[in-house]
Amino acid sequence: MADDLKSHLISSFEKNIRFDNRGLLDFRNVVIEYNVSKNAEGSVRVKIGDTEVIVGVKLMVDKPFPDTPDHGVIMVNTEFLPMANPDFESGPPGIEAIEQARVVDRGIRESKMIDLKKLCIKKGEKVWIVSIDVCTLNDDGNLLDASALGAMAALKVAKFPEYENDEINYKTHTNTKLPMKKQPVAVTVYKMGKHFFVDPSKEEEQNIDARLTITTTEDNTICALQKGGDFPLTLDDIANMLDIATKISKELRSKL
Amino acid sequence: MGYSKRTNNRGFDELRKIEAKTGVIKNADGSAYFKIGNTAAYAAVYGPRNLYPKFLQNPSTGILRCNYNMMPFSGTGERVRPGPSRRSKEISLVTEKALLPVVDLKEFPNAVVDVFIELIETDAGSRCAGICAASMALADAGITMKDLVVAVSVGKVDDKVAVDLDYDEEAYEDGPVSDIPLAIIPSTGEFTLLQMDGEISKDDLIKALSLSKKVVPKLYEIQKKALSEKYKLYGSDTNGNEE
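Those sequence lines, one after another, are chains A and B.
Using my numbering, you'd call the opening residue of the first sequence number 6 and step up by one each time.
Using my numbering, you'd call the opening residue of the second sequence number 4 and step up by one each time.
These are calculated hints, taken from the structure and not from any lab test.
Warning: the hint list may mix true and false statements.
With a cut-off of at most 25 Å between alpha-carbon atoms, the simulated DSS-like pairs for lysine-lysine come out as follows [what the hints assert, rightly or not]:
| no. | chain 1 | residue 1 | chain 2 | residue 2 |
| --- | --- | --- | --- | --- |
| 1 | B | 29 | A | 207 |
| 2 | A | 252 | A | 187 |
| 3 | B | 38 | B | 205 |
| 4 | A | 161 | A | 43 |
| 5 | A | 43 | B | 217 |
| 6 | B | 109 | B | 38 |
| 7 | A | 176 | B | 20 |
| 8 | A | 182 | A | 164 |
| 9 | B | 20 | A | 43 |
| 10 | A | 11 | A | 199 |
| 11 | A | 176 | B | 109 |
| 12 | B | 57 | B | 24 |
| 13 | A | 52 | B | 38 |
| 14 | A | 255 | A | 117 |
| 15 | A | 260 | B | 205 |
| 16 | A | 52 | B | 216 |
| 17 | A | 11 | B | 109 |
| 18 | B | 228 | B | 24 |
| 19 | B | 221 | A | 52 |
| 20 | B | 217 | B | 205 |
| 21 | A | 186 | A | 199 |
| 22 | B | 235 | B | 217 |
| 23 | B | 205 | A | 43 |
| 24 | A | 43 | B | 216 |
| 25 | A | 52 | B | 8 |
| 26 | B | 24 | B | 227 |
| 27 | B | 57 | B | 20 |
| 28 | B | 8 | B | 228 |
| 29 | B | 216 | B | 57 |
| 30 | A | 164 | B | 92 |
| 31 | B | 228 | A | 176 |
Using the sequences plus the hints, can you model the full thing?
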């Protein structure tokens, strides 16, 4: 059955047809809604078609890691909530959720978009911890790009809570935002048969051969990659996918 | 002295602003969103569906399984660690017991109906918001029910009996506070959830519980309106007028 669907998808792709009438390199409608959870320091709801995630940023103060005593800490966590998909189960994050969180994390970390040194309060003792939590509401494919975009958007609007005498007052937020320098955006390019496409629906996502997540900053610098899927990619494939991702990342960034 | 003024001049028998919607999660068999003040809950229902591991199955009826969860950034203070806690497990249990009396799963032996409740922001009353959303989501999923369930908190802040306490009231420090989350089957007036923490006299407790009678019909109407609105979109309204 699944194989039938796959060959049907591929033969449709040959005629440049997708079930929802999009071109192969078209994203569904992207909607970003800001400040959806007042207790978070920054929060957004991202919808890509019927895929919907909520991302919240919490700021805490804690000890830095011993090897980076004057750097703040970023943490990304993804919850594939069972609400979002009948196949998701309750319990600690599974391997897919962990991979996704790490890919989002890598884009943020390696782009050096946040000046971690500015998050240091007292060297070796107190730094700001930036915790980014992605929660899925509805999964209709491409949670990955939605999550990365959501993380970026939530960081952009996050504001520090008041901090006085070594205590955080979460009730009052200052107007200070995170020290951000860049806006990395992740675009995942998918391959099925010999076709490349982006922003898969659930059906498409379940039948891919390979995928490559490419995170780029405004100046087209590539700051993180992740290949997935069961099939290999050739060098030509990769070059092609990079071209597609660079182009689409601009469209996505303009939504922020 | 005493407690005289609520935030935004809200009356002591007045609910916070409410927003309710159904059919908000496309993948689910039924779903709802319920926001009261700054407490917002999503509920999604999946099922009746197969239940594994098999030893959990009940051959005489389908079972209801509820799961209450706060998103990590939804709390009023620090980040809430993801995953189940003692608190969320207890709330899941009482939510299940609050909803069970109205649902009939006899036609689905060995099956399960899963209810997932997710809080995106909280300002007290989160279990009640969750139950309101869950009962709407169950109805939206077409589960056989004899009524909806309405949940709200009542309580006493210092010298005043009040409904729908917010976080500041729960944390009021200049006098005794009691917080009483409850759920009611509107058609019979029976209670399906009753908890309390704080301190209150017997007379005041009865007064507080009676006060809930004033707001339950309002909540009930909001729930019913949200349910009918989803289906209005596809046809004509109850008066036969095309939308």
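To see whether the hints hold, each was checked on the structure:
1. The suggested pairing of residue 29(B) with residue 207(A) holds, with an alpha-carbon distance near 12 Å, which does not exceed 25 Å.
2. At most 25 Å may separate the alpha-carbon atoms for a hinted pair to count; residue 252(A) and residue 187(A) meet this at roughly 17 Å.
3. Using a Cα cut-off of 25 Å, the hinted pair residue 38(B) and residue 205(B) is violated, with the two alpha carbons roughly 31 Å apart.
4. As the CA atoms of residue 161(A) and residue 43(A) are separated by approximately 15 Å, the hinted pair is consistent with the 25 Å bound.
5. Between residue 43(A) and residue 217(B), the direct Cα distance comes to roughly 29 Å. Violation of the 25 Å bound is thereby established for this hinted pair.
6. Restraint check: the Cα-Cα separation between residue 109(B) and residue 38(B) comes to about 32 Å, which exceeds 25 Å; the hinted pair is violated.
7. This hinted pair checks out: residue 176(A) and residue 20(B) have alpha carbons roughly 20 Å apart, not beyond 25 Å.
8. With a C-alpha separation of about 5 Å, the suggested pairing of residue 182(A) with residue 164(A) holds against the 25 Å cut-off.
9. For the hint linking residue 20(B) to residue 43(A), the alpha-carbon distance of about 15 Å falls within 25 Å, and the restraint holds.
10. About 13 Å separates the Cα atoms of residue 11(A) and residue 199(A), which keeps this hinted pair within 25 Å; it holds.
11. Distance restraint check for residue 176(A) and residue 109(B): the Cα-Cα separation of roughly 48 Å exceeds the 25 Å cut-off, and the hinted pair is therefore not satisfied.
12. Proximity of residue 57(B) to residue 24(B) is assessed by CA-CA distance (about 35 Å); at most 25 Å being required, the pair is judged violated.
13. Our distance criterion of 25 Å between C-alpha atoms is met by residue 52(A) and residue 38(B), whose separation comes to about 20 Å.
14. Between residue 255(A) and residue 117(A) the CA atoms are separated by roughly 19 Å; this keeps the pair inside 25 Å, and the hint holds.
15. At most 25 Å may separate the alpha-carbon atoms for a hinted pair to count; residue 260(A) and residue 205(B) exceed this at roughly 57 Å.
16. With a C-alpha separation of about 39 Å, the suggested pairing of residue 52(A) with residue 216(B) is violated against the 25 Å cut-off.
17. About 39 Å separates the Cα atoms of residue 11(A) and residue 109(B), which puts this hinted pair outside 25 Å; it is violated.
18. With a CA separation close to 9 Å, the supplied pair residue 228(B) and residue 24(B) stays within the 25 Å bound.
19. For the hint linking residue 221(B) to residue 52(A), the alpha-carbon distance of about 32 Å lies beyond 25 Å, and the restraint is violated.
20. Distance restraint check for residue 217(B) and residue 205(B): the Cα-Cα separation of roughly 20 Å lies within the 25 Å cut-off, and the hinted pair is therefore satisfied.
21. Pair hint residue 186(A) plus residue 199(A) does not hold up; C-alpha atoms about 38 Å apart against a cutoff of 25 Å.
22. Annotation: proposed proximity of residue 235(B) to residue 217(B) is violated, straight-line Cα distance about 28 Å (limit 25 Å).
23. This hinted pair does not check out: residue 205(B) and residue 43(A) have alpha carbons roughly 36 Å apart, beyond 25 Å.
24. The suggested pairing of residue 43(A) with residue 216(B) is violated, with an alpha-carbon distance near 30 Å, which exceeds 25 Å.
25. The hinted pair formed by residue 52(A) and residue 8(B) fails the criterion: a straight-line CA distance of about 40 Å is larger than 25 Å.
26. Pair hint residue 24(B) plus residue 227(B) holds up; C-alpha atoms about 10 Å apart against a cutoff of 25 Å.
27. For the hint linking residue 57(B) to residue 20(B), the alpha-carbon distance of about 44 Å lies beyond 25 Å, and the restraint is violated.
28. Using a Cα cut-off of 25 Å, the hinted pair residue 8(B) and residue 228(B) is violated, with the two alpha carbons roughly 31 Å apart.
29. Taken as a hint, the residue 216(B) and residue 57(B) pair is broken in the structure, with Cα atoms around 42 Å apart against an allowance of 25 Å.
30. Only pairs whose Cα atoms come within 25 Å are accepted, and residue 164(A) paired with residue 92(B) is rejected, the gap being roughly 32 Å.
31. For a cut-off of 25 Å, the pair hint linking residue 228(B) to residue 176(A) is broken: about 34 Å separates their Cα positions.
Against the hints set out earlier in the document, violations occur for numbers 3, 5, 6, 11, 12, 15, 16, 17, 19, 21, 22, 23, 24, 25, 27, 28, 29, 30, 31.
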